[in-house]
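Visitor: Residue numbers (this note's numbering), protein chains in the order written: chain A, 1 to 244; chain B, 1 to 530.
These aren't lab readings, by the way, just hints derived from the structure by calculation. Any given hint could turn out to be false.
[As the list claims (entries may be wrong)] Label-pair distances were calculated between CB atoms; the ranges are:
id : chain 1 : residue 1 : chain 2 : residue 2 : range
1  : A       : ARG223    : B       : THR424    : 22 to 32 Å
2  : A       : ARG131    : B       : ARG339    : 39 to 49 Å
3  : A       : PRO65     : B       : THR424    : 46 to 56 Å
4  : A       : ASN80     : B       : LEU210    : 56 to 66 Å
[Said to hold, decoys possible] Going by beta-carbon spacing under 10 Å, a handful of chain B positions derived as facing chain A:
id : residue
5  : THR366
6  : GLY394
7  : ASP409
8  : GLU479
9  : SER525
Yeah, the Cβ is synthetic: ideal placement off N, Cα and C, and Gly gets one too.
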Amino acid sequence: MNKKNDHTIEVLIVEDEPILAELNAEFIQRDTKVKALGIASTLAEAKLMVEKLQPTLILLDNYLPDGRGIELFEHIINNNLACYVIFITAASDMETCSKAIRYGAFDYLIKPVSYQRLKHSLERFELFLYRQSIQQHVNQRKIDELFNLQTKDFIDINRHSKGIEEITLQKVKDLFAQVLHPLTVEDVVNQTEISKTTARRYLEYCVQIKLLTIEINYGKIGRPERLYKRLDAQKSASYSDNKD
Amino acid sequence: MQIKKNVSFTNKLFLSLCLFSIIFLLLLQSYIWNVTEAILYKNLGIKAQIQAKELSVLPTLIKYVKEKNTEEIAELVTFIFKQSDANYIVIGDNQARRLFHTANGSLYKPMVGDDNHEVLNGNSIITIREGSLGTSLRGKAPILDDNKNVIGIVSVGYMIDDISEMHKKQFSPFILVCVILFFALFLFSWLFSRSIKKQMFNLEPKEIALLFKSQKSIMESIFEGIIAIDLDYNIININQSARNMLSLNVEDKHLLNHNISNFIKSIDLIYGVNNQIEDVHDHICYFNDIIVIASRIRIIIDQEIQGWVITFRNYNDINLLSMQLTQVTQYVDNLRTLRHEHLNWMATLSGLIYMKRYKEAEDFITLHSSDNQKNLDFITQHFKVPSICGLLIGKYAKSHEIGLKLNFDAACQLNALPPSITETEFMSILGNLLDNAFNACLKNPIGTKTIHLYLSDATDEIVLEISDQGCGIDANIRESIFEPGVTSQSPKEHGIGLHLVATYTKKAKGYILFDDNQPNGAIFSVFIPK
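Chain B with its partners taken away, still in its complex shape (with noise of 0.2 Å):
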């Protein structure tokens, strides 16, 4: 059992198909081996019979045998048996006596084989008996006289030493073809065997069930959308995920083999012309109108391309998950600040109160949501669409947090977005350029830590100006600084924020300019026509 269980699969189709060629081999070798035998002993017995019954026809063999001349027939049949390749030729009387027997046999002795008794009843027979030679095949004939009176046998017999010879002699050269032909069998056996196993990358078949099935629950459980498709661009694998993000409600044989270009529309990436010598990490590209982060990794088994794999994830996902990853260590620090804060208020408070300041008090307390609360007002009065409004309160809040301030122009207002701009694309543009403007004040120690936001739909574009005393564009990605990866943040993020941003005001058919800010830092604006 041990053994059984540590022979390896391609052995054991090795071993199996040596052991089935040579199964095969014999019994063909025996089955072969016994058909020549009968045609043999069938051919030679016609032969005997056939000289037998020539001889007993012959009018002078008769004639001697009446006669029962053992001289004459001695010579005659010495002469004819020269002729023959039989081992013997006997010629008996009536009563079965030897009349001639070509190995000079007693005469007048009965012939021996005790097979005799047929032939004097007017047959010819063909029998294999025992003789005084030895073992033998013999063609049997009577010699009938004028009247058909059995007066005599004839005798042809072959020796079965000597027949068993002629068929080894014969079967001989079979069975060097059956070695040749095993030997075939046995390197062809041990060929297949070695390319399986090369094909199966040494695995056993079960190794191999168990690779498919957790590989098929992999990619199930993989967030990632992942396609793989082959060098026709045809689909060969697709997970749920994939499916789901691209709401491809179809089935397998509707996807399988079928062209990627038929269900995701804007594939720049899968069609690259790169797409033969480098792999791409982390693009981020339109997936029918979905924007995603993609991956594309080219399928090289033997140094050869076979296909490529996509993975891809939905952006926003991402970006919320970051979102949140950074609030949640932001509002820690916050919490312990704002504690700290209320505790100074209270003592404040009861101070004044103790004191009966109470007019210091109330302005006290007044003064600390007014600020707020006039921003908030702010901007609900000037910014009608919700979304928007949701968004800039809380980046309001956001900058107060982190010690920045968010400062709006009084000329702001937004009434309404237009068709060719989603309100989350517009937030996404907005969103990104101020977290930019947040993150590079945090860097300038010397800047004034407000950020100046312009928004106005009063002409024919919306305008977006956003301003900042950060530490301004770095000379370095200033050409590329919309191109996806381009970061200028340190530890390295992902460098998408602008990329997305031009993305969507390309999208909308607008245009962004960005330049230095006076004394330092940047200016974005994003212009988008209505």
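Just chain A, same shape as in the assembly (with noise of 0.2 Å):
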């Protein structure tokens, strides 16, 4: 019974469906560093529960017989209650889980659950822990990272690529790189092959690097026209004029 102990998360499972809870529990037992303190079937006992074991961590199923879980999410924060919670709700109701991401619960997770992301989700609830206990000067770049930990980043994306492909973008920088006068996205979708929708996109991250900017006319009243100019076009363009 060593409870000081610092890699011990104690984990409150809130379930109303006996079996799904007995396997939840022993899923996430087989972890050693997690142990399960207890399971409520009902709203009312996982208030009591909550109080009474001071939980590290609730797994927290929205249908319970007696209540919805986002209240108990809602009586944690109103009583500032020292837990983190994962939520987990049906598809069916999105509703709730934009509701638990306001209230800042560290995952959400859709049921059925699959125990890969669960897993997962307990791993980077770990590290979280983990960053938090040894974080001695806080500074805010670390606070930062400690709060892309508890949000996000724990799929494993490539945050530069943002969807950019090396070929698409290459036909796009091509095609400034030929002409000097500025063009829509429709100039742009008819001179490559880009669809409409990803032509945005590109522009937009041709912008953001710095390669293309942006000119708004306002030929037509009340339609303007975007135009995405060379950054170095002006500069190109007066020093050919020069050379006249």
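Put the complex together from the two separate chains, hints included.
Guide: So, in structure tokens, the structure goes:
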């Protein structure tokens, strides 16, 4: 009974389906660092157990016989209880899910929960607690890191790519290398083989990396025209003018 | 009682005015009658007395009376009587026996009337007595000799009948005046009651009180804000909802008869150039930074415009209401399909487990939550504004429910909203554009049913682009697409979604572009500077 063991994460499972609750408990216990404190099958029971047992983490199912899991979440926030919540809800109840996001749930899982995903979430929580405990001097960068860890940052995505492919990007770059005058999305679509929906993303990406700049042409009344122009086009144009 | 009840207020007013004028005129008449009569009698009495006195001091008469020379007396007095307007003159001796009577009464008979006692004591008097000719008004004076002894009586008389005749003659023009006056008052009462009747719209005061009270309670019970203003734009009436919506926590006296521009800042709706000639219905505008749906209706009385009634409701309330209404029916449908789907899943699962194909069962389960989970993870990862996350999650779920696919561009990212736009406003832009895209997709049978969303704040702007494979924009409404009431949806919806999008974008100093998508559908792009 080593309660002070830093590596133990005490978890309360709130789930009204007994078999599922048992399975969840069994699953998370497999991980040595996580310990299931108890199983609550109603909202009232859950409230009591949160106060008595003071778990670090709650696996909170939304549908309970005597209320909604989100109410327990509100209860925790209102009473400033120091525990984190992994919110579990059905796919048909996205509304509540968006509420949980606003309340700052550590993670949100959709039923039927994939154990793979749950494991991932728990591992991330461990890391989050660990980093929080070793943080001696908290500077802004570290806060940001911590924040990002809490909210996102668990799926391995290439943050730099943002859906930008080199070949398509090169097409856009090539097009603007050839022309000096500003182009609309329409022009870009016509002269490359990019779809209209993709074109905007690449053009905006080029603006972001300071390759292109934006010019707004208020030609027709109420219908402005958004033109993309090479950032150095102005310079080159005036340069070529001088040459002539 | 029954009759009294049935007499209308204006008739009552008319009758009472008539009754009052009759009573007034009668009282006036009788007063004046009495006063003129008294004056007439007094004047005539004095006149008779003076004549009697004048006669009594005539030395010749004194001499004749002393001698009891009746013939001389008769000659003298008859001469004087001819100059007078008196009805008769009687001269008597010191025992009140007639020495002369203009009506040729017999001599030495006692004078009739029994009013000579005082005169014989040496006083002149005025009396009304029944005499030999009838009732008369008499002035009497004693005739005195040199030793101041009473030697006779002079009596000058006016017949009462003649006096009243005279009185009547004097009074008749006044009666005429009274009659004319009465008719004038009658006419005035009639016109007055008629004009009141007209101004009160033929209503009884009780009905008016009831109307007034019911109007007040109706106004307070209405959820819409109501403000009535006159032609000078002063507030005549305002209900509680209007006060609440505009947060006007002031008393009536600071509100009523004050110019509306003191309370509502942006009021193009109210001051509009066409406000004299036409009404406006369901116009979307700002009242003190609150977006409202307002109507302006002219108050017209007798074909003359007297002011306006402005009614308005918070736009968000109505939006919420219509959203809820449409969702209810959708939920019922979804629930039915969802249940059916669940039964199928259970059947599949039990089948897989029975066949001991556990790996497939596990994959099957994972498959059904992974799509949602992936999207949820994507949304929370790329959009750092919780309310926007919530909205997108909701819209994603909705798109699934109605058989569409909402596809988030891989490059989506949103860290924060610029201060120029509130979360609610941005949510309105995003929500309305998505809803439009959904509706457009549902209307197009051949499209891919996919909506593509790109939202990024990577540059100096927030770029929002929503493209669909829907029915596209009708060429007829292309130019007026952002105006309120313009809609391509049938049955006709309110047509304010895009108007709101344009309003909020303009407010945030941004702009909107729209274009046709390939191969069909539309692309809406919103750019808001940071």
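Visitor: With reference to the structure, classify each hint as holding or not holding.
Guide: Now for the hints, and whether the structure bears them out:
no., hint, verdict
1, ARG223(A) / THR424(B): 22 to 32 Å, "27 Å, holds"
2, ARG131(A) / ARG339(B): 39 to 49 Å, "44 Å, holds"
3, PRO65(A) / THR424(B): 46 to 56 Å, "35 Å, violated"
4, ASN80(A) / LEU210(B): 56 to 66 Å, "57 Å, holds"
5, THR366, "5 Å, holds"
6, GLY394, "6 Å, holds"
7, ASP409, "6 Å, holds"
8, GLU479, "8 Å, holds"
9, SER525, "7 Å, holds"
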